[in-house]
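K.L.:
This is what each chain is made of:
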Amino acid sequence: MDEDLMDILCCPLDKHELELEVDEREGEEIIAGRLICTECGEAYPIEDGIPNLLPPDMREDAPA
Amino acid sequence: MGETDPDDHRMRACVREVYDEIASHFSKTRANPWPEIEAFLDDVSPGGLGLDVGCGNGRHLALVADRTDRALGLDASRALLAEARSRLSDVGEVTLLQGDAAGLPLAAGTVDVGLYVATIHHLPDRATRRASVDELARVLAPDGRALVSAWSTTHDRFDAPDDGEGFDTTVDWTLPDGRTVPRFYHIYAPPEFDADLAASDVAVEETFVSSGNCFARVRSDG
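Note that the protein sequences, when read in sequence, are chains A and U. Numbered according to the numbering used here, the first sequence spans residues 1 to 64. Numbered according to the numbering used here, the second sequence spans residues 1 to 222.
Simulated from the structure, these hints should not be mistaken for lab results. Think of the CB as a built atom: it goes at the ideal place given N, C-alpha and C, for glycine as much as any other residue. Do not take every clue at face value.
To be verified - Here are the in silico distance ranges between beta carbons for each label pair:
1) U:Ser211 - A:Cys40: 36 to 44 Å
2) A:Asp7 - U:Asp177: 40 to 48 Å
3) A:Asp7 - U:Pro46: 15 to 23 Å
4) U:Gly178 - A:Asp57: 30 to 38 Å
5) A:Asp14 - U:Thr174: 34 to 42 Å
6) U:Pro182 - A:Asp7: 38 to 46 Å
7) A:Asp2 - U:Glu21: 26 to 34 Å
8) A:Glu19 - U:Pro176: 41 to 49 Å
9) A:Gly27 - U:Pro191: 33 to 41 Å
10) A:Asp14 - U:Asp69: 27 to 35 Å
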């Protein structure tokens, strides 16, 4: 994802702003990292350039 | 939006898992854009931010990208997003997001052109379906416009009584190896679709039925 996407992304749960933590980037493109809600603290992973902003209990690793 | 029932989230996670499983085959059968969507996109003012909620393999996302400065594709299924990425590798300003239609991860008033096509019928209950339309209303810019569609009881494959009521069902997807994977659907009766849209936060411009689907052209109510 491009870093300038931060202007329009928000937490899917409480709609507050997100903070970007970058693990890997290629120019403007964030390849890996996480988006952390400045209000509730929920962390949303960025993997393979695509942020996973599903609510935590809809994620792949959520307990069934 | 308040607390959501955990069972409800589990069902939506199941729909996501189904599409993760069938993504590659599903994508091969979803090549051509719908004429209703091309007509809608022809009518919107070009430019701004586009959003395709439930973008699947991205078959409509390239059209959105043609009409807007930047197109966002959101889907719950990672595998479908991977299909979209390989399909759209030569299309300009396209960004893919994994997310839930009933809880959009976008700031209010940002989207100029929205598609919410053939997706709402996968949400398991009426409250969640209505909440998802409220979410669309929230993210639409004051002059933003969107097209919503859902599978309807008027489709040839359903032998439904014409009583104005929709119904829940599962529709099997058959993989090339013969295995079938069930997908949850709520099949909308047109009056019910109109009522759900009218009860939501969007301003409805018009609703119509075409090719077995209910459609609504909507605006932000702001």
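K.L.:
Of the hints stated earlier, which fail here?
P.N.:
Of the numbered hints given earlier, the structure breaks just one, which is hint 9.
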